[in-house]
Amino acid sequence: MTMPDPELLRLGAYLLGFIGFIAFNAAYLVWLERKEAGHIQRRIGPKEVGPYGLFQPVADGLKLMSKQLLVPEGADRFLFRVAPVLVMTPAVMSFVTIPYSDSLAARNLDLGLLAVFAFASVNVLGLLLGAWGSRNKYAVISAARVVSQNVAYEIPMLVVVVTVVMITGTLNLHEVAAAQAGGFWHWNVLRLSASPLMPVAFLIFFTCMLAETNRAPFDMAEAESELIAGAFTEYPGMGFGVFFMGEYANIVVGASLATVLFLGGWGCPFGLFPGLHWFLIKLYAIIFTVIWIRWTFPRTTFYGLLNLSWQVLIPLSFANLILTSALLKVW
Amino acid sequence: MNAYFRDIALGLWSLLAGMAITIRYFFQPVVTLQYPHEAVPMTPRYRGHIDLVFDERTGTNKCIVCNACQKACPSGCISLDGEKREGQKQKSLTRYELDFTKCSLCGLCVEACPTEALMFSKDYNLAAFDENDCRFDLIKRLEERP
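Chains as they are written, first to last, in this note's numbering: chain A, 1 to 331; chain B, 1 to 146.
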């Protein structure tokens, strides 16, 4: 009897831990979303299934799983089936490099940031393939919207991230977070000595995160009142459920990235007791804000969305990049 | 160029103002009424179906079986009977039935009543599966009323 390969153990721990974490989040962010929406509208939200409606996600899951898995006639069966997985997998894989605390990360990759963005771009491919595979004009049109939206918002996001990389001088997410250790005045949001536009950069990143994860007010992908549920119109039961879980998993990835890149990762705002709990507090504060924004603003028009990106976010993020490089390298 | 930055600043400000409003609402108490578990507080002038008025002096209803309500009713949903008892000047009510399937809640019976023996009840949970559940025996309701 020999010990199993430590790499395999690590893989198993990652799969169990992070898939559990993601499944828990995907299920209970739906609950949080409904509760928060309820309280913003001064309602109660789910309350019947279990205490405080806590078993509501379980009930929703059972209902989705009991539905028949129809494939539309003439659809590309393979693409239709594989598309939800293509949305879910990159979200799961992005968690590989995210450092949750000083010692808790599945892999400490030197190119971690690059890996996250590489995985994140597959998400759009999944939506596009799902719409294409379901042989539905409405789905294809709204998938085209998703792609142009994601392309438009990928640019300012990456430019802002390049700024952060220039400040910290590394693509390793662990090092990015570790460089912000200490109080909140060390965080990248407030690193005004590197660039006075850093708070703006954080806002740009946050806006792009909302758009990339197809959240309101940028939820053109599933504008159910205009586009018949958008890119996944034809998906029944758990196929739709997986798309939905993918969306919430992407929110968790986006919020984790915002935490690591701008809010000091696992560091405490006052420099005391850094650790996993601070990461989770920041993570859920961001997710709370994301939901809060969703229930505050109505959906924008598509032109408004593209104009915001090309006319405001991209020029500002480039201005920030130039200013940062000037401050860092010239003076 | 100035207008461009003013637009951005104003837009951002209006977004923050909107979020301030929603977060205020988030922390305010919920106003949902848990309907099947909680009763709606009824306004005093709510006009539900009719009920007999309880007379505290006699300990029974005020009806003198004059049939004015029955005659006033446009949809014919009231039927009542009375009898003359020993030592009484007026008739006493023995049966008062309201067919709520026909009632249009016009209240003409209440206005027609000379002794003010009828009033509007505050009941609103009046959906029923059986037609017979909509035929109310108002004498029984008066006796069962607290």
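These aren't lab readings, by the way, just hints derived from the structure by calculation.
Possibly wrong hints are sitting among the right ones.
[As the list claims (entries may be wrong)] Derived CB-CB ranges, DEER-like:
1. A/Ser66 / B/Tyr46: 52 to 58 Å
2. A/Lys137 / B/Thr43: 52 to 58 Å
3. B/Leu10 / A/Pro6: 43 to 49 Å
4. A/Leu280 / B/Ala3: 38 to 44 Å
5. B/Ile8 / A/Pro6: 20 to 26 Å
6. A/Lys47 / B/Tyr4: 43 to 49 Å
7. B/Thr43 / A/Phe21: 24 to 30 Å
8. B/Leu10 / A/Val122: 36 to 42 Å
9. A/Glu48 / B/Lys71: 36 to 42 Å
[Stated by the list, open to error] So these bits of chain A aren't anywhere near chain B, every CB distance computed over 10 Å:
10. Ala23
11. Ala115
12. Val165
13. Gly237
[What the hints assert, rightly or not] One-sided excerpt, in silico: chain A residues whose CB lies under 8 Å from chain B:
14. His39
15. Ile40
16. Ile44
17. Val92
18. Arg294
19. Trp295
20. Thr296
21. Phe297
22. Arg299
23. Tyr303
24. Val312
Ideal Cβ positions, reconstructed from N, Cα and C, are used throughout, including at glycine.
Could you tell me which of the numbered hints above are not met by this structure, giving the numbers in increasing order?
1, 3, 5, 7, 9, 17, 18, 22, 23
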